[in-house]
Structures are given as C-alpha cells and as structure tokens.
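**Q** Here the sequence shown stands for residues -21 to -1, 1 to 620, numbered as in mature numbering (1 follows the signal peptide of the UniProt record, and there is no 0).
Since the hints were made in silico from the structure, they are not lab data. Check the hints yourself; a few may be wrong.
Below, simulated DSS-like cross-link-like pairs (lysine-lysine); rule was C-alpha separation at most 30 Å, straight line [claimed, not checked]:
{"id": "1", "residue 1": "K208", "residue 2": "K241"}
{"id": "2", "residue 1": "K531", "residue 2": "K219"}
{"id": "3", "residue 1": "K496", "residue 2": "K475"}
{"id": "4", "residue 1": "K205", "residue 2": "K253"}
{"id": "5", "residue 1": "K58", "residue 2": "K170"}
{"id": "6", "residue 1": "K38", "residue 2": "K52"}
{"id": "7", "residue 1": "K584", "residue 2": "K554"}
{"id": "8", "residue 1": "K93", "residue 2": "K38"}
{"id": "9", "residue 1": "K93", "residue 2": "K161"}
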Amino acid sequence: MLKHALFLTFIITLFGASASAQTSLKSTLPIEAHASLANASQMNLSPNGNKVAFVQNGKGTLFLVVFDLTTGKKRFITKTDNLSVTLNWFDWLNNDVLLMGVSSTASERGVRYKVSRLLKFDLRTDDETKNVIRIGRRSHNSQFQDNVISMLPNDPEHVLLSIDLDTPNKPSVYKLNVLTGKRKRLERPKKHIDAWIADRQGKVRIMRQIDDTLVTYSLKDLNTNKWNKLFEYEVFSADKVTLLGFDKNPNILYFKAIYNDKDALFKMDVTDPKQTRELVYHDENYDVDGSLVYSEVTNEIVGFSHSGFDDLIKYWDEDLDKLQRSINKVIPDSTNVIIDTDVTGQVYILYTTSSDHPGAYLLGDRNTSSLEYIISKYPLIEGELYNGKNNVEYIARDKTNIEGYLTFPADYQKGKAYPAIILPHGGPMARDYAGFDYWSEFFSHHGYLVFQPNFRGSSGYGFSFESAAIGGWGEAMQDDLQDAANWLVAQGYTKKDKMCIAGGSYGGYASLMALVKHPDTFQCAASFAGVADLNFIYYQARNFTNKDIVRKQIGTDRDQLEQVSPINFAEKFTKPVLLIHGSEDSVVSVRHSREMAEELEDANKDVKYIELEDGSHYLVHQPYRVKTLQEMLAFFNKHLM
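Kindly produce the complete structure, drawing on both the sequences and the hints.
**A** Set out below in structure tokens:
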C-alpha cells in the first residue's frame, strides 16, 4: 500500500519553496504566474534510479540539473534562455552520461531553417557539454545531427544515429560511440530515404522513403539483407500508416491505421507473407493518439497511451496496472501518469494533474511503499487559482458536431455574460486537449471566457473530419469558428459585441481571416506568428525537401489561395488587429506579419505590430512569452472591457 508522505527537506531545498501561501485575490497574481515557463519539466531517472535529471526554470533561464537522490547533491549541467539555443530533449546514455539534443535557427539566402546538434555530458569527467559529432572534411555538415533511433540496450557507450553525413538530405545510419565520437556506418543512404527505424535489439529494420507525396515503408530481411515493401500510401490518404515500434519480439510491429474512419492500434507479424493486421484497440469516438509504453525491466511493451484514457495509459502488464490502481486510491480525482522508472521498476516518477492543479511531480519507491511530493510545474496557480477546462459540444451550421474546451473566468457566476476570446489552435491538423495550457488559464484569470473549439481539420476526430484541412483553409473550418462564437452568445455566456479572436501559427491565420470573412462577429483579432499569405507558403516551399507535401496540404490552386489569404484583403478590415512575430521564425516566416502590417497601415487600418528580435515560432523564451501575453491582455482590455 502506498503512502502519501511529505517530501524530504533536501528535495524542497533543491527546487526552492513552492509558494504554499497562495494569494486570496486572484487579480493580484503577476503575469509571470501564467507566462513563465514551467517551474520544472522533463523529469528523467537514471537507469539505476539514483539520480534524476530535469529542467529547472530560474527566472527565465532554463538549467539542466542532475540531482543525486542518494547524496542530496545537485549539479548544473548547462543552461539556456531558449533564444539563441533551445534544449529539445535529453536522456541517460548510462548512469553517468547524459545525451542532449539542442537546436538553433540558421539562415541561407533569406530562408530561415532549424539546425540541431548532439551534445553529451559525462558526470565523471566533464565540466561542460561537448559536441558528439565530428564533421570531417569530406562529410556533409548535416542540418540535423541529433536523430538518435536507438539507445542500444545493454550498451553503455553507443547509440544508433540517423544522419546525412554522406549525401545531403539522405540520411545514413551510424553506430556512434558517444564517449569517443568514433562512428561506424551501418546503412548507406537510399533513393528518397527519409527515416530509419530500429527494433528493440538495436538492429535497423525499417526505412521510410518519400517520393513527392508517396510514402513507402520497407522491411529489411535480416537473412538476405534485402529490403521488401511493407506499406505504401499517398500522404493525407485513408491508407496512411503510422509506425509506433517493435515489441521485444523483433517480428511483432505495432502501428496505427484507419479503422471505421478513426486511427486505431494494430499489430502485425512482419514474417507473415499475408501481412495480416490484428486490431489491438480502437476508440469509436476518437483517433488513438498516443504511443507504446515499454518496460525498463523487460524491454517488452506493457501498454500504450491515449488521451481518451482517464490516466492516459492503458497497461497490459498486471503488475503495473495494480500499481496504477494503488496510486489512484492515494491520489483520487486526478490524472496520474508514471512517466519514468529505473531498470528495476521499483523507483519511478509520477506526474499528476487534476481539476484544481495544473501538474506536479512525485517520486515513488515501491521498495518502501512511499510516494513523495517533489514540485509543482506552476506553483502560483494551484487550488482556487486554477480554473481548468470544461468539455463542451456545439453544432455547426451544417449539423456537424464540434467539440471544444470552455474555460470560465476566475469570478464566473452562472447566468452572467462575460467578454469572450475564441482561441483556435495551430496546425491546423492538431487539436486542443483538456489539460493545462497557459493561454486559456491566463486570459480566464483576467476575467475572460475562453473557448477553444476543435474545428474541422483538427486531428483526433477521425480521417474525414481532419481531411477538411487539406486545401480547406478559410472554408468550413473557418466557419466553425463563427459558429462557436454564435453558440457562446446563444448559451448566454457572452454578448455579440464582446468577442475577440486570437491564436498562434494557423490560429493566427484563422484570427486574421475571421475579420475578413466574418467582420461583424469579432471586435478584434490578435495573431502570434500567423500565416497571412498562402501563396507565399506555396512559393517558399520550393526551398524544402517536403515541398510537395506542403503544397498538397494547403492546396495548389493559386487563385484560390489568393482568395483565402488575409494579406489580400486589408481594405476589408474594420476591427483592430494585433500582430506579434519572432524575427527568426523558421516555421512561418516573419515576412507574413511584416507585410500584413504594411498592408493594413497603407489602408489606414487600426493595427499594432510587434516584432520579437531573434524570437522563434514558439514562445519558449520567457521574456517574449510574458511580453506577448501582456500585449494581448492590454489589447483585449482596450476593445472588450
């Protein structure tokens, strides 16, 4: 039986006091309470369970820290402000060596793009992080150098790395000694090669090739070393397959494919000449959207994750299922997820969230039957200061059911109408979830009703629903946002003249397009890193290897793209606009917002443009996240309050 214990003093000292005395007046919370990056994130246990590595936020500077659970000592490995360099991931190579993937933005002939590097830190010998990849004079200086495809079980020094050292944009596979930098090529690049997949034993088994918009997965015959076709499909087609990984048995492959219009979980024996698919799990209402869960003890698949599960993971393993149920008894009415274990399975990290808590980490030890609190991700907005989301549905104009999440303002009173913000997500082939996000929490804390509709084109609701995003920008999925606004009014949550719209990336596009297509519905629009010119997206795609996929997604009718690009309709804007964009955005060029601002200014429209110097597509630099929310709040207060 687990027990809920106070955490040890040295752990509290490590992370710092977590604001146990909450303010009673919600309006007194500083903007940083919501706009700061997470207090702590990416908890990762060493294989022996004696150390935990994590990212700690120190006033906007992110530190990669290793804490020794046996001695109580901590060590700072590296730091970043997420401006020039971003720490994307890290993992333990062994009990003493950390492997890290970092990225930055580069530019060539005016085109910005992302580059990544692989770093390591040896706790025994290093005093700073070191680059693992050595580029020889005859090797291509690869854009992406941190694509580890296998950590190689029972090998404390090597990994398998997919990298295009031999031919630009065509990766090979190397066995890399992380400690020495020496490498041995295992697979040469193939025509149209895009990716490699290894099995649980660390053998390269599958390659993915993309020829224009045709995707082919091939399986390697380990006896003959020949490659045989496994799956083939056109992108965005109903034949699509998403590979998830092998079981410990190297012949059993798990993947997602469409079943009754929804992504479902399948498995297949790759030695079966008939390639018979076995349905493992399907959800009648949602796409299966998670991944496989492996045991650190046995290397076997023990379950899989899916947002439709109460605890996000369904365990096949009886022992882990029993542990999960025990945890749920100790921490009821919460979503409790085991995110990492040691190699014995006895020590684990738990992440827990609930309707009044945005998330906290706990340390579990099955040897002592203890479960100890570590730290909250957002310590200032717990309890009554956390609003949480409510799942709702509305019916669009063509009778399509649309799901979304409604966050009530901090002082919500039933029957009272509040100023509202429609907050469409990016993508557009993505979706919002019920969990914490700082956008909705921030605006609701400051008195706004926030609605996040998963409009048509969103992922998660089936192939037909998501396919609306293919060549459908500005059409039905744009109308779904107006229908969301009208539904809020019909429910009495807000009034017709008290709604604005805001979003980032595609959400920024949708916000701008809303003032073009539905100018009477919204009083203002705010766009962060939003698309304004679809023909420029079409044109710029020529600089990238996936240009045909990009063009297939947005559409290839240039006249139609012109008709659904906000930049061409500055004269139609009758409501105020706020544009914010990072100058080094490698996903949506800053040119979109710069030229949108110019067009609106030339048309004498009410527009404010803010450019974040050296900022990226993502608000991962804390000062820019704070500034963006400050500016948006002031903008909404001016036009809605």
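**Q** All hints, please: hold or fail.
**A** To see whether the hints hold, each was checked on the structure:
no. : hint        : result
1   : K208 - K241 : holds, 24 Å
2   : K531 - K219 : holds, 15 Å
3   : K496 - K475 : holds, 16 Å
4   : K205 - K253 : holds, 18 Å
5   : K58 - K170  : violated, 39 Å
6   : K38 - K52   : holds, 22 Å
7   : K584 - K554 : holds, 8 Å
8   : K93 - K38   : holds, 26 Å
9   : K93 - K161  : holds, 25 Å
In summary, the structure is inconsistent with hint 5 from the numbered list given earlier, while agreeing with all the others.
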